[in-house]
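So the sequence lines, in the order shown, correspond to chains A and B.
Note that numbering that gives the first Met the number 0 has the first sequence beginning at 0, numbered continuously upward.
Note that numbering that gives the first Met the number 0 has the second sequence beginning at 0, numbered continuously upward.
It should be emphasised that the hints constitute simulated quantities derived from the structure, not laboratory data.
Just so it is clear, CB atoms sit at the ideal spot from N, CA and C, and this is done for glycine as well.
One should not assume that every hint holds.
Covered stretches of chain B (chain A as the covering partner; in silico rule of three or more C-beta atoms under 8 Å from a C-beta of chain A) [what the hints assert, rightly or not]:
hint : region
1    : 1 to 7
2    : 12 to 24
3    : 29 to 36
4    : 63 to 74
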Amino acid sequence: MYAMPAINRTRGKSLMKSGGARTEQVELSTHKISKVSILATVLLTAALLTAYFFLVTSFFQGWQKAKFFDDVPDLVFATVSITLLFYVLRMKRSPGDMNLIIGLSLVSLDKLIEVVLQELQALTPGESLEVVLWAPPIIMLGLGFLFIVQYFGERVK
Amino acid sequence: MNDILINTLIEVLFGILVLWKACGYMVNKKKMAVFLPFYFVGATLLFHAGLTFYMIYFNLLWLGLEATYVLLMIWIAKTLMGVNYAAGR
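Modelling step: build the complete structure from the supplied sequences, incorporating the hints.
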């Protein structure tokens, strides 16, 4: 009797190994996040952050005199982390996800605050801002990464 | 100088904490690939602390450092997707 070939309903590859053999195909049915939606999220986030850049610089010296070398990397970093945050929010919930959400929020917020602080510092060239202003974003960045490591530590068996 | 020192100390503290946790998980869970980006995050935090301490504010160097952070975040995103896919089994 002719046997129908099994329909391959699985996509993607796992980074994890099980029992010494690499798991080639795994279920993705619980995670309906297509590449198109990720691209759309990246574009939307980038557009919003560009608007944020123009908004922030309008309160200081205008975008023509902005500190591009400091602001643009911060905004790119924020784009990546906010995209990842959207990705995580759209995933199916599992225990321990809150660590990742808090971590990514802290990291994103740090970069958004840093744009403002860089522009504030540009008003007084040659002088750095007070530690009261610089310390919270640095603590947020460090704590954010710690929360993300914690997530992976709990999740990975 | 005092402000710079406090900033550096905070960065060193978090750099060592991230490195400590990443190395601990690498050894205990025997999953080096998953925690390797965090090892580099910790190292980058320490490098950042060094630049802050010696007040090296050379734009291109700073740009490279931020680019490293972005690449590490993309690496973490890829790892997260891998872990997430594996959890769906």
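Taking the hints in turn, this is what the structure says about them:
no.	hint	verdict
1	1 to 7	holds (count 5)
2	12 to 24	holds (count 8)
3	29 to 36	holds (count 4)
4	63 to 74	holds (count 6)
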